[in-house]
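Visitor: Using the hints, position chain B against chain A.
There are 2 protein chains.
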Amino acid sequence: MFIDRLVKKIKEKKSNVVVGLDPRIESIPKCVKDKYFKEYGKTLKAASEAILEFNKEMIDNVYDIVPAVKPQIAFYEQYGLEGLKAYRKTCEYAREKGLIVIGDIKRGDIGSTAKAYANAHLGNVNIEGITHETFSVDSITVNPYMGGDTLESFIKEIQEKDKGIFVLVKTSNKGSGQLQDLEVAGKKIYEVVAELVDELGQETLGQCGYTSIGAVVGATYPEQSKVLRKKMPKTYFLVPGYGAQGGTAENIIHSFNEDGLGAVINSSRGIIFAYKKDGYSEEKYGEAARTEAVKMRDAINKALELNNKCYY
Amino acid sequence: MFIDRLVKKIKEKKSNVVVGLDPRIESIPKCVKDKYFKEYGKTLKAASEAILEFNKEMIDNVYDIVPAVKPQIAFYEQYGLEGLKAYRKTCEYAREKGLIVIGDIKRGDIGSTAKAYANAHLGNVNIEGITHETFSVDSITVNPYMGGDTLESFIKEIQEKDKGIFVLVKTSNKGSGQLQDLEVAGKKIYEVVAELVDELGQETLGQCGYTSIGAVVGATYPEQSKVLRKKMPKTYFLVPGYGAQGGTAENIIHSFNEDGLGAVINSSRGIIFAYKKDGYSEEKYGEAARTEAVKMRDAINKALELNNKCYY
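As they're listed, the protein sequences go chains A and B. Counting with the working numbering, you get residues 1 to 312 for the letters of the first sequence. Counting with the working numbering, you get residues 1 to 312 for the letters of the second sequence.
By construction, these hints were calculated from the structure, which means they are not laboratory data. Treat the hints with caution; some may be incorrect.
The list makes no distinction among identical chains, and a pair is therefore deemed to hold if it is satisfied within one copy or across any two copies.
To be verified - In silico lysine to any residue, SDA-like type, Cα no more than 25 angstroms apart, as pairs: (1) Lys85 - Ile130; (2) Lys85 - Tyr40; (3) Lys42 - Ile130; (4) Lys309 - Tyr93; (5) Lys174 - Ala185; (6) Lys174 - Asp149; (7) Lys42 - Asn126; (8) Lys30 - Glu128.
Extracted from the complex, chain A is given alone in its bound form:
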C-alpha cells in the first residue's frame, strides 16, 4: 500500500518533511540558468533544463533526510511541453532516489475524465492493449468540490496501482475560509469533506493503520487541525503552509496523532530557495536547502518529543 511505503520512509529517515519543488526561473541561481540561456537562448527549453538541473541538485541534497517531495505542476505547466518534460524527469529522478513523489496537481473531475487523470498521473494508459506510463507519481492532490464521485473515481486506481491521493480539506491560504469554513447544520464544510475522506479511506487501510486517501490540512490553521485530527484518525495529513506562509513547528503539532505519525509537513520556498537567506551562498544552493531541511526536520521532531509524540 502507498501509505505503508510512506510511513516506512518516514521512520527510516526520521523525518516528516516534504520538500515542495516549486521552481520558477526568476529564483533559479544565475550560475545554473546562465549556462542554459547561453546554450539555448531565453527559451522554454533553457528554463526547463535549468529547472531540472536545479531540482536534481535539490533531490541529491535531501533524498536521505526527507521521505517525500511535492512538485507543484503549475510551475512546470507554465513552461509548456518543455516544462512538463522537466516535471516528468524530476518525478522519475526523485523516485529513483527512493523518494515518495506527491504530484501537487489538485485535479478533480468525475467518471471518464477522472479516469483519464488517474491514467495520466497515477497509473498508465492503455493503447490497444499496450500500456504506457506518462507522468506517473506515487500520489496526487485532489479537489473535492464536484462531490464524492470525484474521489470514488480514484479508489480503484489507488487499490490496483498501489497509489494514494490527498484530498483538499482545509487549505492554508487566507481565503480558504470563504467556502471551507461555512457552517452547515452545525458542521463546517471542511468537516463534511473530512467525514467523506474518513469514510472512503477505510477501503484503502494499510498495515500501518493509516489509509491511502489522505487530506490536505494547512499549517496556518492549528485549531482546525485539532478538530480534523479527531475527525479523521486514520487519515494522513499533507500539511502545506510551513515556513514562508507562516506555519511553525508549534502550529503543526496538532496534525499528528499520539503515535507521532499522521502528518507530513511541506515547505517549498523556505527550503529550495534558502540560498537567498543570510549566511548562504548562491553557488552552494544545494547545501543551503539541505541545511534548512535538516533544521525543519529537527524542529518538528523536537516539537513532537516535547509533546510525547515520538515516532522513531
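Guide: Positioned in the frame of chain A, the structure of chain B alone reads:
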C-alpha cells in the same frame, strides 16, 4: 473583452453550441488510428497524432456552425507530453479557424501557483524579459474550493490578456450535490459561489452586458439553473451535461436570459462520436458530428424561440 468576442460569435453563427473535444483512442475511428499505429506502433505518439487528426476533422466540420470548442485536458494529459502537444495544436487550430477555445482544465490554486496556471493557459510566461506562449486558450474552467483568492488571482490576467474563466458553480454530475447543495444559513453552497462570481464579475463587464467571469451550471439541474440565472444575471453560463449525460433543450432553457443570451451548451460524446449511432458511417465521422451539431443548434434555437428568447 473575451465575453464580447464570445457573444459576437454566438450571434454570427446563430448557435449556442460548444463542442467538447474529449477524445479517447478507443473511440477514434479505425480508419484514422490504424494509419498512425502502422507508422509509429501502438505508442503515445501514434495515439496523439490520431487524436489531432480526429480533432481537426471535427473542427473543419463545425467551425462555421458553433461559436466555441471545449477540449477537456485530462484526455490529453493521459497520453503524456505527446498528448499535451495534441492539446496545444488542437487549441491553435481551433483558434485559427475563428473558434473560441475554452480549456476545460478545472485548475484552482492561489497566489503564485494561480499565476503560474494563468501563465500556462491564459497568457504567456516571461523568461528574463522574453515572453513565450504555451497552452494559450481564450478561457479556462476554474475550481473555487480554495476560496475567493483562487478567482481573484485570475482577474488581472483576464483584464490584461483579454481572457475569461468559467467557475464551477453547480456541476452536472450525480454527486455534485454532496457539497454544492449543502445549505448554509438558508443558502446553498452553489448560491454562495454564485454570489462570489457575480460580485467579482463586475470588474470584467463587457459591452455586451455580460462579464468575462462565467459559471459552470450543469444541464442536469434545471431547477437550480433557474435560481442561478437570477443570482448571476450578467454571468455567462457554460452548461455541460447535454445529450449523453441526459440534459435536453427543455432542460437548459432556464440557463438563458430573456435576451436569449447568457449560456453556451456543451456536448462532447453526443457530437464527436456521433458516427457510432445508427444511420452514420465510420468513414464519414466528420459529417456525422456536423449533422448532430446542427440538430443540437436547431433544437436549442427552437426552444429559445418557443420561449420568446430569440437572440438573433
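Visitor: Now, for every hint given, state plainly whether the structure supports it.
Guide: Hints, verified against the model:
no.: 1; hint: Lys85 - Ile130; result: both (22 angstroms within a copy, 21 angstroms between copies)
no.: 2; hint: Lys85 - Tyr40; result: both (16 angstroms within a copy, 20 angstroms between copies)
no.: 3; hint: Lys42 - Ile130; result: between (38 angstroms within a copy, 7 angstroms between copies)
no.: 4; hint: Lys309 - Tyr93; result: neither (32 angstroms within a copy, 58 angstroms between copies)
no.: 5; hint: Lys174 - Ala185; result: both (24 angstroms within a copy, 22 angstroms between copies)
no.: 6; hint: Lys174 - Asp149; result: between (28 angstroms within a copy, 8 angstroms between copies)
no.: 7; hint: Lys42 - Asn126; result: between (37 angstroms within a copy, 9 angstroms between copies)
no.: 8; hint: Lys30 - Glu128; result: between (46 angstroms within a copy, 11 angstroms between copies)
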